[in-house]
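2 protein chains.
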Amino acid sequence: MRFTSHMERALAEARAAALRGEVPVGAVVVAPDGRVVAAAGNRTRELSDPTAHAEILAIREACRAAGSERLPGHDLWVTLEPCAMCAAAISAARIGRLYYGAGDKRMGGVEHGARVFRHPQCHHRPQVYDGLGADQARALLRGFFERRR
Amino acid sequence: MRFTSHMERALAEARAAALRGEVPVGAVVVAPDGRVVAAAGNRTRELSDPTAHAEILAIREACRAAGSERLPGHDLWVTLEPCAMCAAAISAARIGRLYYGAGDKRMGGVEHGARVFRHPQCHHRPQVYDGLGADQARALLRGFFERRR
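Same order as they appear, the protein sequences are chains A and B. Heads up: the first sequence begins at 1 in the UniProt record's numbering, then just goes up one per residue. Heads up: the second sequence begins at 1 in the UniProt record's numbering, then just goes up one per residue.
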């Protein structure tokens, strides 16, 4: 049930992002002891920062808290398949396990496109678990883009 | 000569990064009117931030200055081939032209590994020019890693 609650928390961050007018993606970083050490939703518009994806903000927050640029043994939960930028950041941060909800054919960089973890230039590969909470993550995104049309 | 001076500036940022104990990579963002709007070197250690590569810091600074998450018509000059994270950030920021110095077989994500710009999931591709100031960029890196051994 703990697992479910981490994805629920990420989904809550995604919903909050949608309310701010941001693409609804949310992420949570969980320390080896099970504590949630960072949670974030997209803020690219609010911050005028193309790198302010949920994953990057959560990783940066967790690193600040840890006082380290590496987060070994930490898990990252995110509602959508990370893009190439976020996948590479996840690798650089040495995240242990990546759990994501919906796959992203259009922007994804884990199972689509750049497939960042599959090259020798990727020096750390997290364990990847996908499909958790995918329907809810997808519904959030669909609703958001339909409202914007 | 203007071109040379932008790479010189990026190399100066790389040298300053080395003096701070950071991997010596430097980057500069140039606005469409030719002004340098951001310059940065790696600060991953100082900031405990695995995303604080020179390119990311320079893009974030330029976006802050522009009040926008996109930098159309802007050029990015960087001493080393960007990694997958930075390449994807360059695409997300809609950078017009990417000039880089040395190729990076070990970590690069433009001409090596993930080749971020070469997938349909990459929705903006900058024009890419490589090899400028490559020898100096490479010598800086070599010196840095030799001193660390």
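What the hints contain is simulated information worked out from the structure, not anything from laboratory work. Owing to the predicted nature of the structure, the values given are computational and were not obtained by experimental measurement. Possibly wrong hints are sitting among the right ones.
Ranges between beta-carbon positions, derived for each pair [stated by the list, open to error]:
| hint | chain 1 | residue 1 | chain 2 | residue 2 | range |
| --- | --- | --- | --- | --- | --- |
| 1 | A | 64 | B | 20 | 16 to 26 Å |
| 2 | B | 142 | A | 8 | 27 to 37 Å |
| 3 | B | 143 | A | 70 | 18 to 28 Å |
| 4 | A | 120 | B | 129 | 22 to 32 Å |
| 5 | A | 129 | B | 106 | 27 to 37 Å |
| 6 | A | 45 | B | 105 | 35 to 45 Å |
| 7 | A | 21 | B | 142 | 45 to 55 Å |
| 8 | B | 73 | A | 35 | 37 to 47 Å |
No residue lacks a Cβ here, since even glycine has one placed at the ideal position from N, Cα and C.
Hint check results:
1. A/64 x B/20: 16 to 26 Å: holds, 19 Å
2. B/142 x A/8: 27 to 37 Å: Check failed, 49 Å falls outside 27 to 37 Å.
3. B/143 x A/70: 18 to 28 Å: holds, 25 Å
4. A/120 x B/129: 22 to 32 Å: holds, 25 Å
5. A/129 x B/106: 27 to 37 Å: holds, 28 Å
6. A/45 x B/105: 35 to 45 Å: Roughly 36 Å apart at Cβ, these two residues keep to the hinted range, so it holds.
7. A/21 x B/142: 45 to 55 Å: holds, 47 Å
8. B/73 x A/35: 37 to 47 Å: holds, 45 Å
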